[in-house]
Every structure is written in structure tokens, then in C-alpha cells.
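Chemist: Protein chains in written order, with numbering that gives the first Met the number 0: chain U, 0 to 379; chain G, 0 to 379; chain P, 0 to 379; chain A, 0 to 379.
In short, the hints are calculated from the structure, not lab data.
Hints are not guaranteed to be accurate.
Copies of the same chain look alike in the list, so a pair counts if it works inside one copy or between any two.
Unchecked claim - Below, simulated SDA-like cross-link-like pairs (lysine to any residue); rule was C-alpha separation at most 20 Å, straight line:
1. K49 to M0
2. K49 to T31
3. K349 to A70
4. K178 to A299
There are 4 protein chains.
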Amino acid sequence: MTPIRLGMVGGGADAFIGGVHRIASRIDGDYTLVAGALSSTPEKARASGKALGLDPARSYGSFEEMAEAEAARPDGIEAVAIVTPNHLHFAAAKPFLERGIHVICDKPLTATFEDAEAMAEAVAASPALFILTHNYTGYPMVRQAQAMVAEGALGRLRVVQVEYPQDWMTGAVETEGVKQAEWRTDPARSGAGGSIGDIGTHAYNLAAFVTGERPERLAADLQSFGAGRQLDDNAHVMLRYASGARGMLWCSQVAPGCENGLRLRLFGDAGGLEWGQENPNHLWFTPHGEPSRRITRNGAGAHEAGVAVSRIPPGHPEGYLEAFANLYTEAAGAIRAVQDGAPRAEVMGKLPGLAAGQEGMAFIRACVASAREDAGWVAL
Amino acid sequence: MTPIRLGMVGGGADAFIGGVHRIASRIDGDYTLVAGALSSTPEKARASGKALGLDPARSYGSFEEMAEAEAARPDGIEAVAIVTPNHLHFAAAKPFLERGIHVICDKPLTATFEDAEAMAEAVAASPALFILTHNYTGYPMVRQAQAMVAEGALGRLRVVQVEYPQDWMTGAVETEGVKQAEWRTDPARSGAGGSIGDIGTHAYNLAAFVTGERPERLAADLQSFGAGRQLDDNAHVMLRYASGARGMLWCSQVAPGCENGLRLRLFGDAGGLEWGQENPNHLWFTPHGEPSRRITRNGAGAHEAGVAVSRIPPGHPEGYLEAFANLYTEAAGAIRAVQDGAPRAEVMGKLPGLAAGQEGMAFIRACVASAREDAGWVAL
Amino acid sequence: MTPIRLGMVGGGADAFIGGVHRIASRIDGDYTLVAGALSSTPEKARASGKALGLDPARSYGSFEEMAEAEAARPDGIEAVAIVTPNHLHFAAAKPFLERGIHVICDKPLTATFEDAEAMAEAVAASPALFILTHNYTGYPMVRQAQAMVAEGALGRLRVVQVEYPQDWMTGAVETEGVKQAEWRTDPARSGAGGSIGDIGTHAYNLAAFVTGERPERLAADLQSFGAGRQLDDNAHVMLRYASGARGMLWCSQVAPGCENGLRLRLFGDAGGLEWGQENPNHLWFTPHGEPSRRITRNGAGAHEAGVAVSRIPPGHPEGYLEAFANLYTEAAGAIRAVQDGAPRAEVMGKLPGLAAGQEGMAFIRACVASAREDAGWVAL
Amino acid sequence: MTPIRLGMVGGGADAFIGGVHRIASRIDGDYTLVAGALSSTPEKARASGKALGLDPARSYGSFEEMAEAEAARPDGIEAVAIVTPNHLHFAAAKPFLERGIHVICDKPLTATFEDAEAMAEAVAASPALFILTHNYTGYPMVRQAQAMVAEGALGRLRVVQVEYPQDWMTGAVETEGVKQAEWRTDPARSGAGGSIGDIGTHAYNLAAFVTGERPERLAADLQSFGAGRQLDDNAHVMLRYASGARGMLWCSQVAPGCENGLRLRLFGDAGGLEWGQENPNHLWFTPHGEPSRRITRNGAGAHEAGVAVSRIPPGHPEGYLEAFANLYTEAAGAIRAVQDGAPRAEVMGKLPGLAAGQEGMAFIRACVASAREDAGWVAL
């Protein structure tokens, strides 16, 4: 199949997530990167474009310029990846949405709640697809977990334990030239949430994706342990679900020994499930009263929902990039389906989109509001 | 050395914890069990005494009778183990304390707060020692963790994550003839706390023991998932420490796949520690910015504090019974020191006593109070 | 029940295994240690006896003296534990066997093959029981593994992988005052086998116990990596079973990072099993074509064969000492049965005895013979 | 940089390894697949080419046709991936080597020793590069292990333990329509080695790559457990190194519960290392006498040698495909260097090539020869 012509906003040299998106777009061969506005500094943008082998004519100094020029070309981009810091997500997505160019945007949705509303309007007004890369939902064993919960393997859900600890901000790295830390600790660029926005939303999204349930209320105790840090770098959250289930969410950027320890544990009256991102090819399942089973990706006991997004045999580990690629590959399918005339509402499948982004924003908003009220309960 | 003459209240056939205390008392040879009031039913008591090889004359029908008779014998018991359900702890301990017989009591301190106060008074009025078997503090690697924290291995403490999930009450076992579940779900016998009293106090105590810090306030969301269950069987608690550290505590009796998953994770500005009870011979330590180290009991990197309570070489696992025995062995040392004239205040060392019991009661009280106020913050 | 009167030969201060035997004899309360010849140096023997609280009159300077004196007492010992270095096993056991005192002997059977034959004769000529403490067979999950194999869980056995790596002799510790290393590296005291005698026999015994099968032939490549070391400190052995199954056995005392890494993996045409000594409460079972199951001691999926030798609930770890105690407890049962008139041949149950010891000696002999012939195949 | 034009021989629908090569070639964007002879059946070849989006004119019915046609095009392929069953490796590589087209060939080198010699001659006679995809050497932590050993972290190497167990051929899958099993169990297509050729060579290669040492002699006990199976499906091999080090190698296709359990453990007089393919982002290192350290990919303690071939932050797992891609990416660098005039001998870096292939063939040959002589020692 002809690859989809892809552009990218952000993701120049030194950026972590831009490279991830590029690899993810290549793994299954569904995209070809043909244009970019890779940095907010035009010179850097062009240098990065050159390093990536972009046609200089399509390496733009700004996203507005890029949207306009590409929309005018017969071979212009069909989709664009937005991989800027959070505060630019909406501004960057807007001109593409307006021109019907599909948007694949990194999370969280935006830095501000105003932007989030504006994004929602822009998406509503556009024929284009909007995909938000809540990439952990692309892991095969997360898909299996979702399917098992939906099929009743846990019975009635009682307890949700989800956590995402990291340690890279234990020291004052934002003062030591670490760019990734600089914007993440700056409310103007990151938004009202620090760790809760950057990784807490991932934990929240993962739990929501797998359980299919949403908390009604939460109580959040946010901390900023780093000296002079304005945004939270550690958060303790209690969750109450409409169904009666209860949960805890912990995210941290100051937990030495933890790298990307996203982990979900679910307990129902009929069984328990556990999955961790750092060894993502295993899913632990305990039917109550029986021994725990280690289910492997594509192995014995693998569910069709996970097999469908798995590439290689069990025991050969797939990782973060393959999970990310699953979103890109499903996005390619959705884009082609829309191009073939399918209604936008019918093509998203398991892909996270605007709604997931809005839920993430609501989670951040509720956490911040709760924290302001001494970690009191706040409706979601 | 001549073994200490030990009596036991409770712990007849079918009881779990009585057998544990008996084994723990035997492991290092410091005690000899010579008397008992092993059940509240006199017949059962005598049958259990016979099964254990007690002299029938010293197998009593009640603890009052036992206290009186033993105190009158020249070879009477020097110490008594109280292993009844919680609501009898005070009543059973009292006659022995009054007669200067040392008491080794299972936790929590008592079922009611009134009893706890009465126990405090009885202990204060007695020359005898009072030891509360918060047994997890007897694990060598817990001792090492405490020493490392005290010596600054973590720097300034920031985050405490402690949990104790079990799954044995996932179903309605208290209605199916499981005695252990019957009294634990009965407020009259267990007290105001369900899971928080039974295992939450262990988690709380472990964190306090290792960190040397105490929360000032907590917010507790208690749940009773089991149908018709009056006491909590799952609890989510947020903790705020005077030092600025924050914590989360989770305990559960309804988490399928979890057996006795007591686990403590601590994070400071200089490092992280992790220990879990189910594989207790390992302690994970990460100096911030260095690889994680797996420190083994009695192995390379073992701290004197743990080596001192370890019996066999690294790689030969010690377990729950050895940790429990460490309390008994230290209690024997304390009893002999007191018998040799040392002041009671100077012999307890790392042994948990009345204060640990009172802290546990305060924890239960605060959790219940918080839960009544929609999980609002309560001072401890 | 009245405890069995136990004596001990060897096991004075500084000895590791003597302390283990003493704790093991106490855990279930079936023995009382009343006599000892705790060291080959009479003064040390008496000092050790005093430290252990033995009646000075029963703390002997030699095992001959002890055997004679104890046999003459109406309250003399009923059983004796032999925990000397290997070369004294026979000499120490002999006078007790001759007097009908039951012998619990550490492994391997003896240092020399001559002694092994003499031991066999002495056992045959005695009415006493002879128990050899192949202690790893006392682990509950090893018992379960044996039962599962016997019941056909693996189908037809194909592959045996067993290993026992340690690291404590990586350096030249025998020249640095480590007593445990001194006699173990001395052929006169240890016998013809170094690592194969000390730990290889454990690995061999474990595989034999669990599989119920015996190799017909082996090929052994023995190495002495330690400078000047006369006995093997690392061994690679290939095994061929009469049934057609094949195996590998590795033991090492020079493998940095390994403490007591005894591990058994079995594979048949219907499934696989894995057990490791360092986390002994778990047994991994994979029915072919299904997910692996983690079976826990006394937990869901636990087999009666393991439950029978387990003391506490799942998730509360039992360890090395409890496994060792299981042999002592079963030995107590066997001794009492014999005392009650049961034929010696009918009381041993799963207890390892002379036959296990002879098999261990045959294993050592075959390994040494194979190594001398360039690791050629040798019949067992 | 302009992607390298790549062709592929083999790898049509149903083939596992062809898809792996394609993804590996795409991950870093260094290749574009433009031609193929994807199946030995011309119709299948064309159908597979269509499915992959190849220009029909460049989807060939045979590799000879493809080599001739592509060599004649100005935009012809610069490199070809050979992913056929083993017996076609040489025949397929030959026409490309003759035309100076670089060859990336799956392992083992060939099915027969005659073909291996012919391949060596063809490579020698060609200006093209020859890369053999011993892909496990592409894992970052394998690179780190190699660097650490070279820098002396283990001191003098003593013991090598390497294993590669699988379970997928436990049953008679070759009779049940599993294509992957059919040719692997057929000597005509697979060569003289079954499991030793398919996965034993990977284990052998991994040990050689990391240690930098080669065994002088080996003794191999080969088994065919599957009914009617002509080639080995399980192998036990003892190794003797020139340096005095000794090793064991186990590979199996009939070990239920094992998926792709490639694992390497190395022990020297100064330390030990352990790495396993199923959780490849961790490397365990134990300096003798210190606690074990868990070194993570790109994390604290990561070595430049591994960082250089790592794409994403620690804690975000990379897997099999990224390791495979590392070989493709390094091959692209080598191809471009040769195109820029660098001597072929100087561009291979850590890439496995003809020599690694010949060593693998020598390993297979020696194993088969040893097995024929009752597992006697054979020189390598």
C-alpha cells in the first residue's frame, strides 16, 4: 500500500518524543515523512530537516507556513504529527485541522483548559481525524487486559491500583540544562499539571482504557519536592468509581530506582490482573482461588485482541516502540478508511482521540482543584 | 542458658497464630512452654494442652485461673504469650501483668480504645515487660533498611509507599466456616478496624519502624466489598508527615493473586529502598544516579543490624518464622536483663512494645474517623 | 509428646551446619538436645557444650566416650546427629549404630568409598535408623514437584536441568582462615569430591528425588579454578537416563553473584516444572500449550504432599530451616514408630537414608572416574 | 540520507523471519525495499510482492532473475536480504555477490559444509559486504556485556553457561502443517543440525561475541525426542576453552514453558554477569564480594557501547526488533562507507559476517561429529 504522506511539527534535534514518533511511523511502513516544522527556531528547524533528509522546500520555519504550503501541494501531507511541548499543541494542530489534514498529537491534549476547549471545537469543525498518542494502550498485553476485563475475567471490579513512578527529576535537573525538564517544570509551557500531566494522565488513561470505568470523584495530594519547583513532581490520588470500585493512583518523578514504572493492578470479585510497562510482554492473571498465570504476548493464553497488534513470536520481546507503532498503524487504517469514505465516527476503533484527551485534561483539572482544597474530594 | 518458662493464652487447635508463636519461641531454644489456657472453652483448652504435651495440671480452663496458679508456683511461668482474638488481649494480659509476669502479646493492642487505655495503665503499673509482636520488624532486611535510613542512605525522605494486600477474604469466607474470618469480621471481637486493624497496622508499623518518622495526618477511604461485611476489607490511605514527606498506604483482603504482599518502598532525595515480605531475603537499594543493588541477607553489603538477627548463610532463605523468632529471642534477652536487675526502660532495644501498640490503635482510630468524614484529613 | 533425647557429634562454635541441625531439631518440638561431643578438641567440645547449656556431665570429649556413656544411662540419648566434616561421618556414626542409637547424619555419606561400604555394613548390622540430611528434599514445593511428576503432570520425562552454583570460594578463602573452606578443599577430610561432593550431591539427589529416575551413565568435566586447589570447585556433568531422558548438572563454588542457587528444571512431553531454592515457596508449572502457573506453598494449587510439610499460610515464606526441620520431624515420627515396634523398613517414608547416601557416593565416584578419562562416559 | 535500495529473497506470506528483516530495515529509515523474489513458487512470490507494495516489475519469480535484472537497472538494489530456508542461502546469495550487491543473510550460514565453503569463496571473490544476522549481538546490553568483559570487569574468565530453550516443537508440529517446523526438521533443507543449527548457533555466537573467547574442544550429546524426528531437538554440550575456561551450552526446542529463553551467564575470578533475551533491557553484574547490580539499558551504569545502539530512555523497553534493527543500521553504515571508498576490511565493526557464519558451521559440524562418537571430545 502507498505510504501516507506525513508531516511533523516539533521533534527537532534533542527532542525525545519526536524521534519516537518517527520510528513508530516507520515500523509497519505505513507512512513516509515528507515535511516538517521541526523547531520553533527556524534555523534549527531547517537543520533538523536536513539531518532527517527532508526536501529543503518542505522543511518549514513555522507550522502555519507548513500547513498553508502543504495544503496547496497536490502531493501535500495527509497527516501531521504534533510533538511540541504541551502549550503549542493547539496552536500547531489548528491550521492542519482547518485544512482537513489528519492530526496525530502527543499527550496531554493541551497545556490550558481554554486550549482544550478550543481544540475540541477545532476538531468538531474539521473533517480530519484527531488521534492522541496515549501510547501505552498500544501494548498487546494491555489490549488483552482490556478484552479480558470486558469479557468478565475479573467479575465485578473492586480495586484499581495504578502507578507511574520515575526518578529522573530527583535532582534539580531543570536548572542543569536538561531541556526535557525545563519545559515540563514551567507552568507556561506544561500547563497546570507537572507529574500528573506528564505521566499521571498516562496512568489514568491506562486504567480507564483497561477497566472501561471512570472515577466519579478523586482526592489528590500533590507535592513539589524539587527545590523551587512550581509544578507537582509527585502525586497521591484516591479514586471513587460510579460502580463502587475504588482506586489509588501514584505518579512520581522523584522516586530513585524507578525508570518508567507504569503498572496497573486490578482486582475484582472473580480475579486479579497485573501488568507493568517495563516488562510489557507478560500479563499476570489470577482467577480467584487458582494459581497465578503468566500469560505471554502471542503465547499460550494470548487473546486475539493482543495477537492482532503483535508482530513476532512469544519470547521475543516487543517494546515501547512497537506499542507506539500500533497506534500509528491503526491511525493509518483509520485515515485510509476515511479517505475511502467511511464516516469519521466509525473508524477510530481502539484509538485514543479527543475524548481521551479531554478526560486527561479533566483529570489534571480535578487533581489541581482537589489539591487546592487540601486534597478534598472533587467531581471529575 | 536455662530456657524461660512460658505460658500461652489462646492458640488451641485450629488457631493459626498460636502455632506461630510456639515455633518462634522454640527456634533459638530460649523458652519452654509449660502452661496454657489454650481456648476459651475449658474442654478444648485441656484437649489442646494434651496435644501439646503440657502437664495436665498446668493446662488451665481460663487465663485468670492460670495467672493465679502459675504465680503461686515456685516454677511458675516467667512470661506469657497472648494469642487470643483481639477483644481478649487486655483481659488476658491483665492478670499476668498484675503478677509481674512478662507479656508477649499479639497485635493489634486491643479491640477497643478503652481497652487500649486500660492496657496502658496495667503496663505502667506492672514491673513486667510488655512486648507486642509486630513481627515484620524482626526480618533481617527490615533491620538493615532501618539502619540504612538512619544512616542517611536515602537522604531526606520524600515518599513512602507501603501496602499489604491479601486475597483470602475475596469471597464470603466468614459465612463458610472459616474461623479466622469469623472473628476478624466481627466488630465485637476484632474492633473498629477490619483490614486496617489486621494488616494495615502491620504496614503502618513497618513504615514507622524503618523510616523513624510518623505521619501527622491521614485521609482514609475504607471499603467493605464483601457482601454484608461490617468492617473494612480494603483501605486506601494518604499520609502526611511532619517532615514534609508524604505517603500512601493500601491494605486489602480482597485482592486476588495477593497472599501476604506486604511491601515497603521509600524514596528520598539521595536514594530509594524496596523490600517485600514474600521474598524477604532481598533488599533493593538504589543510590540516586546509580544502578539498583540487590542486597542479600547475610551476603555482600549486609548491614550489621541485619546480620545480628540472621542465622544462616546468604542464599539459604530465612522466612516468616525466623523473623518472628527474632522478636522472641530479643524478648528473652530483655526478660533476662530485667531479671538481672536492668531497668525496664533500658532493655527493649528494637522490640515493639506498648508504644507501638498505641500507635497502631491511633492509626485505626484515625482511619475510622477519617472514613466517617468522607475520607477527610484527621490528625494522628 | 515427650521429646526425643538427642545427642550431637561436631557442631561446636564456628561450625555452620551444627547450628542448623539444632534449630531444625527444635522447630517442631520433637527433640531435646541433652548430650554432645561438639568438637574434636575436648576443650572446645566442653566450651561449646557449656555455651549450649548442656549438662557438663554429658558434654563429652570424644564421640566414642559419648556413645558408651549415653548407652549406659537409663535416660541416654535416643538419637544422635553427626555434623562433623565428611571424613569423620563413619567413625562417629559407628559407635552409636552399634548401640542401637538412631543416627541422623549430614551428607555426603562419607569421605571415602571404603568408609561408605563400612557405613553400609554398620547400618545393616544395627537395629537403628540411619537418616541422611539431604535437606532440600524437605522443601514443601519439592515434595509437590515429586508428587506431580509421579502423577504424570510432565508426561514422559525428557530433559533434566539441575544446577547448584555458589560463589564463596571464588577467592582463595581456604588460605585465609575460613574453616568451612579449609576442610572442604582438603581431600583427606572432604573426600575425592570438592564441589561435586559438597553441593553436586545435593543437585543430584534433588533431581533423583523429584524425577524418581536415575542416570545410567554420566560424563563429568571437573575443574579446579582456585590456585593450588586440589579438589574440583566447578563441575559440568552430562547425564543419560535409562528411560531415554537426558540431563545436565552444573555445580560451582566460584560463580560470583550466586549464593545457594540450587535450581531444578524438568521437561517432559506434557509439561515443564521449575523450582529454585532461593525462593523456595514457588513452583512453576507449565502444562504444554498453556500459560505458566506460579503455584505457592500452601496456596491455590498446592498439593497435599507439600501441604503436609508446611506450617504457615501462603505468602508467609518458609525457608531453609523449616525444610531441614521437616526431615527432623519425619525422623522423629520414624524413630517413634520403630520404638513402638514398627519394622525399620516401613518407617522411612520420604526420608533419605543409606541408599541416598550410597547414590551420592556413586555419583562422586563416577564423576571422578569420568574426569580422569577426559570426561568420558562412566556407568553409575 | 537517501535510503539504501534493498531487495529480499524469501520472506513471503507465512514466513516469520522475512517480516522481521523488513521491520528491522525500516526502524531507522536507512533502507527502502524495492525488489523481491519472495517465494520459491513464482505465483506466491508475486502475490507477496503485491501485498508488500512492490512494483510488479521488480517482484521476481526467482533470485537469479532478480539478481540479473536488478544489476542491470541504474536504480537497482544496493543490498539484498536472504531470508530463505538454510539450504538456499548460498544459491541465493551467489548471484548477488557475483554482481557486487551487498548481502545481508540470515543464519546459519548454509545447510551444508560444502555450501559454506562455496559461500566463503564467493564472498572472497566479491567486492560486496556479507553480513550474517546473528541478531542477538545487536542488543544494547549484549554490547555492554562485551565491553565490560573486554575491559576486565570479570577478571579472568572461568565459567560460561549459555542456554537457549524453546518449547514450540514439544509436540510433532512438523506433521501438523507448521511450515516453520517442516523445513527445520528436514536435513535436506536445514542441514545436519536441528536445534543446534537453529538456536544452538545463536547461543554459541552470543557467548563468543561477549567473551571474545572460543572453545577449542567440545563434547555434544544430541537428542531427538520428537517421534520420527531426524534432527536433534535438544542438545547438551560441554565446552573447553584455550584459556582454561570451561562452559556448558544447552539448547532445546522441547522444553515446555520456555519461549526464547536465550540466556548467558559468565563468571570470572573478579565478577559475574548475567543477561537474558526475554527481558533484554537489564544486565546483571556482580563484582565479586559486592551486591549484584541491575544495570538498565541507557540508564545509570550504562556503557557507551550499549548507549550507542539504544534509541529511547531507560525504563521504556526496547526489544527484539530494535536489536535486529541495530544490525541493519550498522550494515547501512558499512555499505555507505564502502560506497564512499572505505576498504571492506575496515567497515564491519561489530557486525557479524562470514567468520561468524563459519564459526557457526564449525560448531554444528563439531557437535554432529561428537554426537556420532558417543559425545566424545572433538576439536573445533
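Chemist: Indicate, hint by hint, whether the structure satisfies it.
Modeler: The hints, checked one at a time:
1. Taking the closest pair of Cα atoms, K49 and M0 come within 20 Å of each other only across two copies (9 Å); inside a single copy the shortest separation is 27 Å, beyond that limit.
2. For a Cα distance limit of 20 Å, the shortest separation of K49 from T31 qualifies both inside one copy, at 15 Å, and across copies, at 19 Å.
3. In this assembly of identical chains, the alpha carbons of K349 and A70 never lie at most 20 Å apart, being 28 Å within a copy and 45 Å across copies at closest.
4. For a Cα distance limit of 20 Å, the shortest separation of K178 from A299 across copies, 19 Å, qualifies, whereas the shortest one inside one copy, 43 Å, does not.
Consistency with the previously given hints fails for number 3 only.
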